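Between the sequences and the hints, there should be enough to build the whole structure, so can you do that?
Taken in order, these protein sequences are the chains called A and B.
The first sequence begins at 1 in the working numbering and counts up one residue at a time.
The second sequence begins at 1 in the working numbering and counts up one residue at a time.
No lab work stands behind these hints: they were computed from the structure.
Only a predicted model underlies this, so the values are computations on that prediction, with no experimental measurement involved.
It is possible that part of the hints are untrue.
Just so you know, same-sequence chains aren't split out, so a pair can sit in one copy or run between any two.
SDA-like, lysine to any residue: derived pairs with alpha carbons at most 20 Å apart [what the hints assert, rightly or not]:
(1) K208 to D21
(2) K37 to H197
(3) K70 to M1
(4) K103 to L43
(5) K37 to P196
(6) K58 to S217
(7) K158 to R90
(8) K64 to S217
(9) K58 to E188
(10) K64 to P92
(11) K158 to E91
Protein chains: 2
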Amino acid sequence: MLSNIPRVSQNRLKRWAKLLDAKFRRAEGLFLAEGVKVVEELLKSDRQAEALLVLPEKISVWEKIFREAKNKVPAYQLTSPEWKKLSRDREPEGIIAVVKAEKESSASSFLQSSGSHILILHEINNPGNLGALIRSACWFGFSGILLSGNSVDWTNPKAVRASMGGVFSLRILTNIDIAALLPEIRREYILVGSDPHRGVPPRALTKKAALLLGSESHGLPDYLLGEVHERWRIPGGGGAESLSLPQAAAIMMYRMVDGGW
Amino acid sequence: MLSNIPRVSQNRLKRWAKLLDAKFRRAEGLFLAEGVKVVEELLKSDRQAEALLVLPEKISVWEKIFREAKNKVPAYQLTSPEWKKLSRDREPEGIIAVVKAEKESSASSFLQSSGSHILILHEINNPGNLGALIRSACWFGFSGILLSGNSVDWTNPKAVRASMGGVFSLRILTNIDIAALLPEIRREYILVGSDPHRGVPPRALTKKAALLLGSESHGLPDYLLGEVHERWRIPGGGGAESLSLPQAAAIMMYRMVDGGW
Numbered sequence: 001m002l003s004n005i006p007r008v009s010q011n012r013l014k015r016w017a018k019l020l021d022a023k024f025r026r027a028e029g030l031f032l033a034e035g036v037k038v039v040e041e042l043l044k045s046d047r048q049a050e051a052l053l054v055l056p057e058k059i060s061v062w063e064k065i066f067r068e069a070k071n072k073v074p075a076y077q078l079t080s081p082e083w084k085k086l087s088r089d090r091e092p093e094g095i096i097a098v099v100k101a102e103k104e105s106s107a108s109s110f111l112q113s114s115g116s117h118i119l120i121l122h123e124i125n126n127p128g129n130l131g132a133l134i135r136s137a138c139w140f141g142f143s144g145i146l147l148s149g150n151s152v153d154w155t156n157p158k159a160v161r162a163s164m165g166g167v168f169s170l171r172i173l174t175n176i177d178i179a180a181l182l183p184e185i186r187r188e189y190i191l192v193g194s195d196p197h198r199g200v201p202p203r204a205l206t207k208k209a210a211l212l213l214g215s216e217s218h219g220l221p222d223y224l225l226g227e228v229h230e231r232w233r234i235p236g237g238g239g240a241e242s243l244s245l246p247q248a249a250a251i252m253m254y255r256m257v258d259g260g261w
Numbered sequence: 001m002l003s004n005i006p007r008v009s010q011n012r013l014k015r016w017a018k019l020l021d022a023k024f025r026r027a028e029g030l031f032l033a034e035g036v037k038v039v040e041e042l043l044k045s046d047r048q049a050e051a052l053l054v055l056p057e058k059i060s061v062w063e064k065i066f067r068e069a070k071n072k073v074p075a076y077q078l079t080s081p082e083w084k085k086l087s088r089d090r091e092p093e094g095i096i097a098v099v100k101a102e103k104e105s106s107a108s109s110f111l112q113s114s115g116s117h118i119l120i121l122h123e124i125n126n127p128g129n130l131g132a133l134i135r136s137a138c139w140f141g142f143s144g145i146l147l148s149g150n151s152v153d154w155t156n157p158k159a160v161r162a163s164m165g166g167v168f169s170l171r172i173l174t175n176i177d178i179a180a181l182l183p184e185i186r187r188e189y190i191l192v193g194s195d196p197h198r199g200v201p202p203r204a205l206t207k208k209a210a211l212l213l214g215s216e217s218h219g220l221p222d223y224l225l226g227e228v229h230e231r232w233r234i235p236g237g238g239g240a241e242s243l244s245l246p247q248a249a250a251i252m253m254y255r256m257v258d259g260g261w
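What follows is the structure in structure tokens.
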């Protein structure tokens, strides 16, 4: 099989290596998605890829998923030094997709068409945390995520990787002015905000809801918390004084869908 | 205040820099704990530190916690290049403690004396995940963690950091032969195992329980899963096919203590 996969040209390699930088991702409308599970979720989705890149020595890891993809997407093989210019995995699985960014729909049309819970994230800045939140939101059947301005770019390779491909099954809307959108959100959704100081324990919700979360370091600002229908706090607090954001968020999402929504 | 803190000697610096390596941590009986919150939890605990290291330019971040500690522990200031030899934080807060490892108690005496839930981890190999599990276990008031052989070292700087100091308020027992200990655990605890294939939804437990979890990549082996009283799986499963280990574990721990334990 390997003999049928052409080598990558240095021009292409250079262009794709630039996609590690958010500025170039925006300019090119492309981003990188690494790992077998991530590429598998990409192929299941309706998202388009420009290319599939593979590392020959890992063929046993990526062979199966590659067979499903090879007729749909141009593929190239990379040498190990070439691979290192793109890959961000410490133990690479040997497959990376170059994915085309999609035009985002408007927040209003998304809010109205969504049939299930959504996540709203204010100034999340750690790509690993963002990816973890996306992965959990997928698991619990959330339909999408609104990201405020000043958030980490969800096409960051670490965020895509940590989402385990969740970025391809959720709608993600970026640069959202949350404060401006809140009245509309409050009309359509039960708006829940995380408040480690004055929150009540999470509960199952039987109507569609929006879970609003702030950054790991600063939490939610008062001008947003002041607008929520409910404030939640996970009961607990032993020696360590806080629960980490992805864990607190997973528990809240778990509880929200517990209503059988 | 800075003028009263001596510079670190190159001998000491060299010795402490070696603590980034597990082999030297074991040989020296010392490990590094970085960050304000982590050092704060250390000072609240009965654990002993050999030294406190600070980075002068971050004095505004560590000053408060340093005032509480300075009479108990010898302190040294490091230059920025010296700091880089020890620190693992991308945005350092400028404080690191050199902590003395404690002798572990026996598993049997721990199991009998523990008055609350415990966590049992089989071959966890990611230090960030281990730290996150420790942090959540603290939050939910678990009393300790049993780590199997072939697990990542919990004194790994990343694990200590991600625990946010939780390593200082929990008992952590290492190199546990879980299979050999199971009969004893089963007598004292409700033994719950995570099983993403055949588990039932988590439930509140009103007796003391042990939550057994496997590695992110392989889960639990059958010879351990076969011994549990209950197998749990978090309901869900949308686009992404799995929930990450720290998130699944946090949800299970949350549910366990929900019984008011």
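Now for the hints, and whether the structure bears them out:
1. K208 to D21: Intra 36 Å, inter 50 Å, cutoff 20 Å: neither.
2. K37 to H197: between (38 Å within a copy, 18 Å between copies)
3. K70 to M1: Only inside one copy: K70 and M1 sit 11 Å apart there, 65 Å across copies, limit 20 Å.
4. K103 to L43: within (18 Å within a copy, 51 Å between copies)
5. K37 to P196: between (34 Å within a copy, 17 Å between copies)
6. K58 to S217: For K58 and S217, only the inter-copy Cα distance (17 Å) is at most 20 Å; the intra-copy one is 39 Å.
7. K158 to R90: both (12 Å within a copy, 15 Å between copies)
8. K64 to S217: Result: close only across copies, 18 Å inter versus 41 Å intra.
9. K58 to E188: Neither. Shortest intra-copy (48 Å) and inter-copy (46 Å) distances fail the 20 Å Cα cut-off.
10. K64 to P92: within (16 Å within a copy, 43 Å between copies)
11. K158 to E91: both (14 Å within a copy, 18 Å between copies)
Hint compliance for this structure: hints 1, 9 are broken, all remaining hints hold.
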